[in-house]
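Enquirer: What follows is the residue order along each chain.
2 protein chains.
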Amino acid sequence: MPISAESQGVSRRGFLTRVGATGGAGAMFATMGALGLAPSAEATTKVPFQPPQASDFRLRGRAAAKVVVLGAGVAGLATAYELGKAGYQVTVLEAQDRIGGRNRTLRGGDRLTEIGGATQRIGFSGDTYMNAGPARIAQWMTTMDYCRELGVPLEVFTNSNAEAYVYNESSGMKAPVKWRTAKADVYGYISELLAKATDQGALDQRLTSTDKERLLSFLSGFGAIGSKTNGFAYTGGDRRGYSIDPGAGETAGTLLGPPPSLSDVFASGVGRYFSFEFGYSQAMLMFQPVGGMDAIPRALAKAVGHGRIRTGAKVSKITNLASGVAVEYERDGRTRKIEADFCVATLPPQILAKIPHNLGAPVQAALKTPVAVSTGKIGMEYRSRWWERDDNIYGGITNTDLDISTIWYPSTGHHGRRGLLVGYYNFGANADAYARLDHAGRLSRALDMGAKIHGDKYRQGIAASASIAWIRQPHIEGGWISWPSRGAEYKLLCAPQGNVYYAGDWLSYEIAWQHGSFESARKVVTELHQRVLQG
Amino acid sequence: MPISAESQGVSRRGFLTRVGATGGAGAMFATMGALGLAPSAEATTKVPFQPPQASDFRLRGRAAAKVVVLGAGVAGLATAYELGKAGYQVTVLEAQDRIGGRNRTLRGGDRLTEIGGATQRIGFSGDTYMNAGPARIAQWMTTMDYCRELGVPLEVFTNSNAEAYVYNESSGMKAPVKWRTAKADVYGYISELLAKATDQGALDQRLTSTDKERLLSFLSGFGAIGSKTNGFAYTGGDRRGYSIDPGAGETAGTLLGPPPSLSDVFASGVGRYFSFEFGYSQAMLMFQPVGGMDAIPRALAKAVGHGRIRTGAKVSKITNLASGVAVEYERDGRTRKIEADFCVATLPPQILAKIPHNLGAPVQAALKTPVAVSTGKIGMEYRSRWWERDDNIYGGITNTDLDISTIWYPSTGHHGRRGLLVGYYNFGANADAYARLDHAGRLSRALDMGAKIHGDKYRQGIAASASIAWIRQPHIEGGWISWPSRGAEYKLLCAPQGNVYYAGDWLSYEIAWQHGSFESARKVVTELHQRVLQG
Chain D
1 MPISAESQGV SRRGFLTRVG ATGGAGAMFA TMGALGLAPS AEATTKVPFQ
51 PPQASDFRLR GRAAAKVVVL GAGVAGLATA YELGKAGYQV TVLEAQDRIG
101 GRNRTLRGGD RLTEIGGATQ RIGFSGDTYM NAGPARIAQW MTTMDYCREL
151 GVPLEVFTNS NAEAYVYNES SGMKAPVKWR TAKADVYGYI SELLAKATDQ
201 GALDQRLTST DKERLLSFLS GFGAIGSKTN GFAYTGGDRR GYSIDPGAGE
251 TAGTLLGPPP SLSDVFASGV GRYFSFEFGY SQAMLMFQPV GGMDAIPRAL
301 AKAVGHGRIR TGAKVSKITN LASGVAVEYE RDGRTRKIEA DFCVATLPPQ
351 ILAKIPHNLG APVQAALKTP VAVSTGKIGM EYRSRWWERD DNIYGGITNT
401 DLDISTIWYP STGHHGRRGL LVGYYNFGAN ADAYARLDHA GRLSRALDMG
451 AKIHGDKYRQ GIAASASIAW IRQPHIEGGW ISWPSRGAEY KLLCAPQGNV
501 YYAGDWLSYE IAWQHGSFES ARKVVTELHQ RVLQG
Chain L
1 MPISAESQGV SRRGFLTRVG ATGGAGAMFA TMGALGLAPS AEATTKVPFQ
51 PPQASDFRLR GRAAAKVVVL GAGVAGLATA YELGKAGYQV TVLEAQDRIG
101 GRNRTLRGGD RLTEIGGATQ RIGFSGDTYM NAGPARIAQW MTTMDYCREL
151 GVPLEVFTNS NAEAYVYNES SGMKAPVKWR TAKADVYGYI SELLAKATDQ
201 GALDQRLTST DKERLLSFLS GFGAIGSKTN GFAYTGGDRR GYSIDPGAGE
251 TAGTLLGPPP SLSDVFASGV GRYFSFEFGY SQAMLMFQPV GGMDAIPRAL
301 AKAVGHGRIR TGAKVSKITN LASGVAVEYE RDGRTRKIEA DFCVATLPPQ
351 ILAKIPHNLG APVQAALKTP VAVSTGKIGM EYRSRWWERD DNIYGGITNT
401 DLDISTIWYP STGHHGRRGL LVGYYNFGAN ADAYARLDHA GRLSRALDMG
451 AKIHGDKYRQ GIAASASIAW IRQPHIEGGW ISWPSRGAEY KLLCAPQGNV
501 YYAGDWLSYE IAWQHGSFES ARKVVTELHQ RVLQG
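Residue numbers (our numbering), protein chains in the order written: chain D, 1 to 535; chain L, 1 to 535.
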């Protein structure tokens, strides 16, 4: 919320929270404007959320209900956590022997089993870890607020880095270039072109003479281009980098060679990656929990209480009752049953669709509508951080048109003896191709690709590795889902059927982000709580 | 050096180091090419450096000399550290009662006294600190290597942030805009303009039809602009940000309003800050030592040995002798004298010029040639991190055309209870204007300016503050220096006079960066050691 308690006082704040809870965000902002409280900058805000509180019942004379939550991923744990604040009796059923769902951090000693039984015993050393699922958090996301609330310490996730590389094999690039060099060249040439066109009057229909002056002044700095007498030419400069760095005495530094021609720069396609970092969800700065992303589900589970979470509990039947709900599940080889007032199902839709239920044919059809997205990652622990020592790469991402898509350098532990690279993070057909291989095959292929950027050293000094193919993960079967369109099926599942609610990132506008899971959990918790309060 | 010991083997590496030591960097790279060892990417490298070793003397039958180093800043400490590796008898004389020079981290309990006697007692709480001098390190800088060698842990310094603001009062901006919004608008409009001009054939003399296709494809993504049928128009989009963030269910998110007109965007001048982050020394990722920049001089001093460093020792006379050098200094109210084989003077030139010496009139004229640059900072410790909670700003820098220049948000300690903002970091006339005020006046003026961006809350909840005006710091008298040109005076001081050498960032091509100090120290150490070895 863009209002500071210090500056606005608690009573106004409390008033606005109540407006937000009953009238929705639109009403809240209208009210803020009327009070003269709108911040001076055009501000972004989160959807207001007021957690259920035990005191809510005292006012209304009702009691917290019993809720069974299916799935101990982020959405399920957040649902249990928020309902728990008001004293709901919550039980979380989780099919796997661990919590977190797709929020999974792989560490030494872990076992990773795929559908079909292939098992990796993870051999990472010491504190080495790989965030197999979510790995980055944008500053605006609700995930940040949960980290604050739960005391999960954060550090920067280095989502882009001028020292990392771009490499497009298919465009005939002979060697990778650093992001900084690619940017200098592309920005230089587009500035040259736009300056020429502007100066020649080609844009006079769109630009006043004042606009033109200002634009030319901007382009001069933006592209580091020559003056009008030099034809606004881009001819390189220190933004590209140096072959010998500036030093002491007469060592002024030796600039990296002259830029490739304009045609070669556009032919290389290096510019296609730049807009990634302009994205609302991907722009730096981004963040990660210190020590691994699973700090978030662990903190949630601790707050929920481990006694309320049953792992190894595979749901086998969901029955919506006239009053309440019955859920059957298999645990330790026996079928068990739990009854509750409400059920919140947070399993991925493609998994939920496999479980017998009496929610009706439209629900079943809706659950089968979204399409699972294939994605995978490999982590390679090296015995030295050669990328820091040899390439000055302290974090960030190298972008390629190879089937690995990207190489990620660690955001933390700099100058440590060992470090873990993510050797691919890819999607769709590329992810499927790697998923079809066994782990050794994935590693071998990833190393062949990475060696095109980093040379032969990329194959050497690997102490341990692990790969995940989310499409092959039991009880998950996909990185996330995609809705062909958010039509009637989406709308249907956004509402409860009887006493069964659905939640998860798949029911949000931020699919594949924990933010979506948290927001969906908050929405369902709010709706369920209001229903209980209203009786 | 871009060669990995793992991949190339130690003998080749040793060979190359020797080539580097005798033939300079150029010879080394030529040799690398001949051996087929040049990396595939166009690579940057540091100037090769081989630290003196005790074993160097065994081969040549000579002994380490006695050296007096003037100044315990980064250059002085690095000189002492490197010479110490070969057993030189080094004494460091430091006028202040602390080491580090301009590398100064202010903490609670510190006293900060200015020329004239005004003293601030720093009231920061707990771990709160302000790096009053250097505050960021680029990945390519030698400073990183010293952090590795000395075991100084690093974390990201957040030099730019999509969530921070841009505000140009003089251009009539009504409110600050987020960096992400400013970028989306500027990149959108320049893409629209260049696409129009390209499509209309205005650049056909410079572009082939293939170039044009590729350029239009790039601009479509870079600027998020419309198609040809839509006139390539930029009309905003999610890169600008949201007024209500995307959430769950039907909360698709509400985009921030439509962009200002093209004329208004260029008139606002927001684009003038973008190229800052393309700079070779300023591009993200950047780094800082965990806990404060003074971890570097502290680690250096520990490695040198505190017994070799005399603080409170104000040099009063430097005498170049036929054999050796004599340095007089005041300490504890008494004049003392030290004799040595060599002296390395690392004081700022404007300070060195005040000390009587027999180095000759040309040296004195050369020392007086560079011009001291005024710069200052203020740090304000707030009782809450409202910029994180209210504005989603987790680090980074807000840019303004106000006399504060910038506001810096802390790169670390996120979600902590308190946090320190740098309320200005300015130069030249702006720094002079603040330097003329007392601390209370500086704070008041900085708050007036910052409130234009952050509103009234900016004035509230400040627990402590501290300001530094480097031009008013005893024994330093400037943030750094500027050479009118690197002419004969620069060249003169880059060489020794008799037995006196000069070192510091002011004798490098990276003035105002610790990198320059380290490189200068390495250069002088190498020259001095070779002279001693050659007898």
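These aren't lab readings, by the way, just hints derived from the structure by calculation. Be careful, since some hints might not be right.
The list treats identical chains as one, so a pair stands whether inside a single copy or across any two.
No more than 25 Å apart at the CA atoms, straight line, and that leaves these computed lysine to any residue pairs for SDA-like [to be verified]:
| # | residue 1 | residue 2 |
| --- | --- | --- |
| 1 | K212 | A267 |
| 2 | K228 | H475 |
| 3 | K212 | G269 |
| 4 | K174 | E213 |
| 5 | K212 | D264 |
| 6 | K174 | L207 |
| 7 | K491 | A202 |
| 8 | K212 | A233 |
| 9 | K228 | R58 |
| 10 | K228 | S275 |
Small disclaimer: the values here were computed from a predicted structure and weren't measured.
Enquirer: Against the earlier hints, flag every one the structure doesn't satisfy and list their numbers going up.
Expert: 2, 7 and 9
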